[in-house]
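Generate coordinates for the entire structure from the input sequences, incorporating the hints supplied.
Sequential numbering from 1 applies to the sequence shown in full-length UniProt numbering.
Please note: incorrect hints may appear among the correct ones.
Label-pair distances were calculated between CB atoms; the ranges are [what the hints assert, rightly or not]: (1) Asn173 / Lys66: 46 to 56 Å; (2) Glu159 / Arg44: 42 to 52 Å; (3) Ile158 / Met138: 47 to 57 Å; (4) Arg160 / Leu19: 51 to 61 Å; (5) Asn173 / Arg44: 35 to 45 Å; (6) Pro9 / Ile32: 44 to 54 Å; (7) Thr59 / Phe91: 34 to 44 Å; (8) Pro28 / Asn173: 46 to 56 Å; (9) Lys66 / Glu159: 13 to 23 Å.
These aren't lab readings, by the way, just hints derived from the structure by calculation. Ideal Cβ positions, reconstructed from N, Cα and C, are used throughout, including at glycine.
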Amino acid sequence: MQIVKDKAPITGEKIAELLNLTRATLRPDLAILTMAGYLDARPRVGYFYTGKTGSQLLTEKIKKIKVHEFQSLPVVVQESASVYDAITTMFLEDVGTLFIVDEKSKLAGVVSRKDLLRASLGQQNLNQIPVNIIMTRMPNVAVCYKDDHLIEVARQLIERQIDAMPVVEKIDNDGFEVIGRVTKTNITKALVDLAVDELI
Numbered sequence: 001m002q003i004v005k006d007k008a009p010i011t012g013e014k015i016a017e018l019l020n021l022t023r024a025t026l027r028p029d030l031a032i033l034t035m036a037g038y039l040d041a042r043p044r045v046g047y048f049y050t051g052k053t054g055s056q057l058l059t060e061k062i063k064k065i066k067v068h069e070f071q072s073l074p075v076v077v078q079e080s081a082s083v084y085d086a087i088t089t090m091f092l093e094d095v096g097t098l099f100i101v102d103e104k105s106k107l108a109g110v111v112s113r114k115d116l117l118r119a120s121l122g123q124q125n126l127n128q129i130p131v132n133i134i135m136t137r138m139p140n141v142a143v144c145y146k147d148d149h150l151i152e153v154a155r156q157l158i159e160r161q162i163d164a165m166p167v168v169e170k171i172d173n174d175g176f177e178v179i180g181r182v183t184k185t186n187i188t189k190a191l192v193d194l195a196v197d198e199l200i
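Rendered as structure tokens:
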């Protein structure tokens with residue numbers, strides 16, 4: 001990298017000559033430095049130093065991550081289900097948010113752990129209360145799409161103080177089908193994977 005900084009533009013052959021290496025020996029290293037973003041290569045011109053630090057390159061990578069790369073399977077419940085059924089599903093699936101769908105499998109709302117806890121306080125029979133009574137209804141539900149940037153979804157989770165967001169597809173301009181979910185855990189996994197890639 002120092003050679004490229006000092007002598008750019010410089011060809012791979014010239015770098016190999018200065019290091020007393022063959023071009024074939026040097027090729028994988030140049031490929032890694034170029035893919036990582038430290039160097040830029042231009043055909044028939046040579047290599048240039050980009051001037052970007054490791055943290056700048058990491059920030060660029062984070063900004064490029066799309067939702068579909070880290071989304072997980074959604075956990076959905078019919079809006080006719082009881083609050084008791086929703087609590088059982090949440091416990092068995094070990095999630096903090098359920099996505100509620102109507103009879104046509106369109107997103108109707110969401111229920112959080114807090115919503116279910118609030119509904120369970122008191123003496124009411126949870127088997128007789130439909131979950132759609134306590135859910136946050138559409139269109140008051142934040143949604144995202146598979147090609148959205150994960151960093152933008154993370155910002156919305158923080159701003160709205162929610163734990164998860166449904167990943168949706170439009171159904172004929174008449175609602176949304178839930179195809180995935182993004183949670184704080186998904187975002188943490190993305191950051192850990194990036195950090196591990198940097199260490200390797």
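Outcome of the hint check:
1. Asn173 / Lys66: 46 to 56 Å: 24 Å, violated
2. Glu159 / Arg44: 42 to 52 Å: Distance hint for Glu159, Arg44 holds at roughly 48 Å.
3. Ile158 / Met138: 47 to 57 Å: 22 Å, violated
4. Arg160 / Leu19: 51 to 61 Å: 53 Å, holds
5. Asn173 / Arg44: 35 to 45 Å: 50 Å, violated
6. Pro9 / Ile32: 44 to 54 Å: Since Pro9 and Ile32 have Cβ atoms about 19 Å apart, the given range 44 to 54 Å is violated.
7. Thr59 / Phe91: 34 to 44 Å: Since Thr59 and Phe91 have Cβ atoms about 38 Å apart, the given range 34 to 44 Å holds.
8. Pro28 / Asn173: 46 to 56 Å: 50 Å, holds
9. Lys66 / Glu159: 13 to 23 Å: 20 Å, holds
Of the numbered hints stated above, those contradicted by the structure are hints 1, 3, 5, 6, listed in ascending order.
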